[in-house]
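Mind docking chains B, C and D on chain A? Use the hints.
There are 4 protein chains.
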Amino acid sequence: MSGSVVRVAIIGASGYTALESIRWLVRHPQARITYLASRQEQQPVSEMFPELLGRIDLPVRPFDAGAIARAADVALVCLPHLAAMEHVPALLAAGLKVIDLSADYRLGDGALYEKWYKHAHTDKVNLERAVYGLPEFFFDQIQAAQLVANPGCYPTAGILGVAPLVREKLAAADDVIINAASGISGAGRTPSQAHHFPERNEAFEPYAIGSHRHGAEIEKTLSRILGQPMQVIFVPHLVPMDRGILATIYLKALPGSSEQAAVAALERVYANAAFVRVRKGPLPSTKFVANTNFADIAVKLYGGRFIVTVAIDNMVKGASGQAIENMNLMFGLPETTGLL
Amino acid sequence: MSGSVVRVAIIGASGYTALESIRWLVRHPQARITYLASRQEQQPVSEMFPELLGRIDLPVRPFDAGAIARAADVALVCLPHLAAMEHVPALLAAGLKVIDLSADYRLGDGALYEKWYKHAHTDKVNLERAVYGLPEFFFDQIQAAQLVANPGCYPTAGILGVAPLVREKLAAADDVIINAASGISGAGRTPSQAHHFPERNEAFEPYAIGSHRHGAEIEKTLSRILGQPMQVIFVPHLVPMDRGILATIYLKALPGSSEQAAVAALERVYANAAFVRVRKGPLPSTKFVANTNFADIAVKLYGGRFIVTVAIDNMVKGASGQAIENMNLMFGLPETTGLL
Amino acid sequence: MSGSVVRVAIIGASGYTALESIRWLVRHPQARITYLASRQEQQPVSEMFPELLGRIDLPVRPFDAGAIARAADVALVCLPHLAAMEHVPALLAAGLKVIDLSADYRLGDGALYEKWYKHAHTDKVNLERAVYGLPEFFFDQIQAAQLVANPGCYPTAGILGVAPLVREKLAAADDVIINAASGISGAGRTPSQAHHFPERNEAFEPYAIGSHRHGAEIEKTLSRILGQPMQVIFVPHLVPMDRGILATIYLKALPGSSEQAAVAALERVYANAAFVRVRKGPLPSTKFVANTNFADIAVKLYGGRFIVTVAIDNMVKGASGQAIENMNLMFGLPETTGLL
Amino acid sequence: MSGSVVRVAIIGASGYTALESIRWLVRHPQARITYLASRQEQQPVSEMFPELLGRIDLPVRPFDAGAIARAADVALVCLPHLAAMEHVPALLAAGLKVIDLSADYRLGDGALYEKWYKHAHTDKVNLERAVYGLPEFFFDQIQAAQLVANPGCYPTAGILGVAPLVREKLAAADDVIINAASGISGAGRTPSQAHHFPERNEAFEPYAIGSHRHGAEIEKTLSRILGQPMQVIFVPHLVPMDRGILATIYLKALPGSSEQAAVAALERVYANAAFVRVRKGPLPSTKFVANTNFADIAVKLYGGRFIVTVAIDNMVKGASGQAIENMNLMFGLPETTGLL
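Protein chains in written order, with the numbering used here: chain A, 1 to 340; chain B, 1 to 340; chain C, 1 to 340; chain D, 1 to 340.
None of these hints come from the bench; they were simulated from the model.
In this text, all values refer to a predicted model and were calculated from it rather than measured experimentally.
Among these hints, one or two may not hold up.
Heads up, the list lumps identical chains together, so a pair's fine if it works in one copy or across two of them.
[Stated by the list, open to error] DSBU-like mimics (lysine-lysine), calculated; alpha carbons at most 30 angstroms apart, straight line: (1) Lys300 to Lys115; (2) Lys252 to Lys169; (3) Lys118 to Lys169; (4) Lys300 to Lys220; (5) Lys280 to Lys300; (6) Lys252 to Lys220; (7) Lys280 to Lys118; (8) Lys118 to Lys300; (9) Lys118 to Lys220; (10) Lys124 to Lys280; (11) Lys252 to Lys300; (12) Lys252 to Lys124; (13) Lys280 to Lys169; (14) Lys220 to Lys124; (15) Lys220 to Lys169; (16) Lys280 to Lys115; (17) Lys220 to Lys115; (18) Lys300 to Lys124; (19) Lys169 to Lys124.
Next up, chain A with everything else stripped away, as it sits in the complex:
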């Protein structure tokens, strides 16, 4: 950190998480973007993202760990998985703190990674050291981390919804269903038939039942938090909108539990969480959290199950906002700096 301003490098500047990180960082009072790296053809970043015209003037430059380390204190790695773990070791070795927004360092386990990503993990040393960047459950570790694995969007919503009631013994650990729905920005910036506007507009549909990698991330992280092996049923859907994830979670209520106790548990668990809002009035909606770093959460007891609903903006609390929240913690800044 140079003086009181965190100097930030964005690595992989051509996707939506990079764009969203830039949007927030240009108005962050104690951070400054000093380096933009991309593997693609070099150009001013405002040509790649016309909305950035006049907001940031940096050119996009090649990846050069030494140059990055001279220019920046922290690297936000916005590369796809596989590419991330190619570059992270050099960034760490050059002395940078690193927040990786890809999936490469989230599972903490090379075998699990290989099972789900069909590729051997090439940086197992750092994989084991990486801290999972969900401040609601790993606050202290994040503050001390050199490498943070920034959570996936569905896992952020799913874990925030499941962990409290199971940990507080209000809900069963062995009967967890996470029904989730996401806006289309979650699919990334690369065009495809499936995400072509006329195919996606006016369409609501499930996908990847039983085969979505975020299911493994949710299970692995819940297992860590709860100290016991967790399995969940995770079913994602696509909603024809830009931003937002809503998780509707079905937990089996344990005998003697009540809705009131569940609300109290959420309030207790999240008492110090700067960005979790426990809602007792209107239910969570993606609209209420759009373009914010908040996670809204509510719980109802119905038919013997707790229905926990969690809403986040997949690009903010589900990606770049949470990355900046982690950055704040890693540099001793108040958690909410630049994020309200």
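Using the frame of chain A, we list chains B, C and D on its own:
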């Protein structure tokens, strides 16, 4: 029926189910709309619905059961609940067949009606005689019915998804979760803050957890079909699009069951169902059924649960299309007439 | 024609105009699809378009003009430009009537084609014989045609709006502005960055100012209809919705003209047009024509200009519906058969 | 101003402009909201707008000019027209600076107001003193103003597009067409049939041709800026999206003018405008300015006309963002404070 053409009256011509019924009936080769009745100010129907200009010239007239019976063979009642049961007795008494698209005759039980609709049922005689108009399970009764209670949109999707696997003893009857999402036309044509465009656009959210009346309709109808009391957890959501319902149903797989057996069960149960498509390739999507009377269904086994997904167009198979399907059956026409 | 049913081949079965043609033809009472040809990998058409499952069972077959001529009376060519003129000559030579939905035969002039499409026209003989398939202005020629060039979507809306008032000497011929906006299906089915859902959703923007090929088509066709060289300013925009074109046309009112006279002129010119609705109440909206073959038109006089607004569904009156309208005329069927 | 922070009252806290003002002000480093006034039932503002939960804790209080003046330095009046001019005099008399977001003080002329708003103006003294809050053309006056009339959304886009080329004698003053399209938030928060989600979604349409009040505001303001009476043709449209206005402006090029000269004129006129971006690459899009205070502008010469396109976010540069921009100027803060 006059000659070979069914003469149809639309009662309550100012809402979306009336509009959708008219859309389909103007191209039905063996039906003709002969009467449009509305309680509201009288005007040509194409002033109320500008899209109908040049497609139908009928004026909207007052409700007059005698005049309706002279002009028509069947009445499609598109009134809201309460209003429907005010008018249905006179229509039946005048000799018309009646298909009621409201909820008034669906529950078959005055006490249950009063519990959920907060109003005593005023036509219990016909309530008990009414046939539930879901052709996949009540085909013969519909053919013989004078009064058909056209199913709700969520119940159509939910029941089609739950009934087969439970009836075939592949899934447990006592652990049924129906997570469903609907386009906004399902909320009807009356404007409200909640369905104002800027509130609803780019918003995905749950509503009415534990308190939606369609939950009772699903339970009651499943109980009839399966011959045992059924309880379900039903959680609806709103999707920012015009049309479509997708139900994602979580059923507990019974020991020894398999995905293959479940697919076979769906194919067996729906072998003669003209409008159910069992999908083995891409999962059901509201896009694939929009503006059609089809119900698409698929099943996956994952984590000990069958995930059954069902997609319909809430305005067609979930309302007006199914009403016309019922009409076809009541008048001895092929089920698909005018609906493909 | 075999008996009283027109047998139809769809050539190029993988794009949106093919899909839309199939949707309409499966419910056309006097037409039957007998051949589907595609250059791409062969598969059942319902795998390419899941919504067609259970509605049409034909396999997709290779292009073979002889086989097509044995199976069909008419070919709807849904290929992209360039590909269309490669295949049309063989189809015509085999004795088929042909309706080409591409731009290849619309301009009627090889030099103009080469200027705008940057490629020499390879079938100039048929280019000169082709009839422009806008029934409102070329009805008789279409009836007699072997080859119809089906109009572009913007030209359909633009020409219907401009021609009447200029021909009737109410508006100047030399000061014509066509501001138009289209849903995204108009961009075709091939995915691209520009039409990726998150780029296009919640975005309204102009494109191709001064360089859109439909400008040339509008000018050329207006010149034919009006018997004088016509130039227009044509500016297209993209609207975040599936279907629909709205053209807002600014014409200079000639001295002595009035709004009343303009409305009367529209009514006179379109008195026999089955699918043009002159609106005097609510202004045209894409919503009122969605999924129909109608063109809605209205005119206002304001500030010395006639503001003519025209709405069509770009996939129906702007493409496949109009192709079927042309087919009806070519085979002596009532113009509206299968299209209401 | 108390110390270095501007204390802000929001008057009329129940509509979209209030919500948007609050969103921006809670992150403004030199402003603090100290009073929220509403005529409606009093409640915490986060119950009216659930997204504000945890971001602002103020209760909504009754209108009391004295109390407001004690608590605040400036009032942002977010009331509808008529209601605004009822309350503004008292706020001014109590010593507050006032920024009125309604139309009441924009036309500067009681007779013109009465003609368009069908109501006598009840505060003509302040009407004549009010400064039109478009900083690109009234910068100095705004700095000195006690009362600013914040511009309408369409006028902001229209005036920014028309004024430069006419003032620089590149385009004719007497042949100006402004074709504009707006997202639905521009219609306000009160629900209506016309803006009910299923009516508006997938609909693009013109409205109020020749009768929209913003036409008069554009003409009056252009007349002031250009020093000559101006008339324009203004045609608005509705786009199915939340935010954004795009104006496509057709100006007659004067002899000798060129596209290059027009671009240079825009760059010259807006050289010091903090929020105008002259685009030479991709054309303006509502997407590029969404949730920002930027106005993007480009110009093309085609067919003898300059096609000027301007995009703004109707809620930001078209309403609340511009109000805060004006506030910054009125309090000697840098124009962009809190707005990047």
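Here is how each hint holds up against the structure:
1. In this assembly of identical chains, Lys300 and Lys115 lie within 30 angstroms of each other by CA distance solely across copies; the values are 21 angstroms between and 36 angstroms within a copy.
2. With identical chains, the CA atoms of Lys252 and Lys169 are at most 30 angstroms apart both within one copy (11 angstroms) and between copies (23 angstroms).
3. Taking the closest pair of Cα atoms, Lys118 and Lys169 never come within 30 angstroms of each other, the shortest separation being 36 angstroms inside a single copy and 37 angstroms across copies.
4. Taking the closest pair of Cα atoms, Lys300 and Lys220 come within 30 angstroms of each other both inside a single copy (26 angstroms) and across two copies (23 angstroms).
5. With identical chains, the CA atoms of Lys280 and Lys300 are at most 30 angstroms apart within one copy only, with a shortest distance of 10 angstroms there and 35 angstroms across copies.
6. Within a single copy, Lys252 and Lys220 get their C-alpha atoms as close as 20 angstroms, and across copies as close as 23 angstroms, so both meet the 30 angstroms cut-off.
7. In the homo-oligomer, the alpha carbons of Lys280 and Lys118 lie at most 30 angstroms apart only across protomers (25 angstroms), although the nearest pairing inside one protomer, at 43 angstroms, exceeds that limit.
8. Taking identical chains as interchangeable, the C-alpha atoms of Lys118 and Lys300 lie at most 30 angstroms apart only when they sit on different chains, with a minimum of 23 angstroms there against 39 angstroms within one chain.
9. Taking the shortest alpha-carbon separations for Lys118 and Lys220, only the intra-copy value of 17 angstroms comes in at or below 30 angstroms, while the best inter-copy value is 47 angstroms.
10. Within a single copy, Lys124 and Lys280 get their C-alpha atoms no closer than 43 angstroms, and across copies no closer than 39 angstroms, so neither meets the 30 angstroms cut-off.
11. When the C-alpha separation of Lys252 and Lys300 is checked against a cutoff of 30 angstroms, the pair qualifies both within a copy, at 12 angstroms, and between copies, at 22 angstroms.
12. For the homomeric pair Lys252 and Lys124, neither the shortest alpha-carbon distance inside one copy (37 angstroms) nor that between copies (38 angstroms) is at most 30 angstroms.
13. In this assembly of identical chains, the alpha carbons of Lys280 and Lys169 lie at most 30 angstroms apart only when taken from the same copy (21 angstroms versus 40 angstroms across copies).
14. Within a single copy, Lys220 and Lys124 get their C-alpha atoms as close as 17 angstroms, which meets the 30 angstroms cut-off; across copies the closest is 56 angstroms, which misses it.
15. For the identical chains of this complex, Lys220 and Lys169 are intra-copy neighbours only, at 19 angstroms inside a copy versus 33 angstroms across copies, given an alpha-carbon limit of 30 angstroms.
16. In this assembly of identical chains, Lys280 and Lys115 lie within 30 angstroms of each other by CA distance solely across copies; the values are 25 angstroms between and 40 angstroms within a copy.
17. In this assembly of identical chains, Lys220 and Lys115 lie within 30 angstroms of each other by CA distance solely inside one copy; the values are 13 angstroms within and 45 angstroms between copies.
18. For the homomeric pair Lys300 and Lys124, neither the shortest alpha-carbon distance inside one copy (41 angstroms) nor that between copies (34 angstroms) is at most 30 angstroms.
19. For the homomeric pair Lys169 and Lys124, neither the shortest alpha-carbon distance inside one copy (34 angstroms) nor that between copies (47 angstroms) is at most 30 angstroms.
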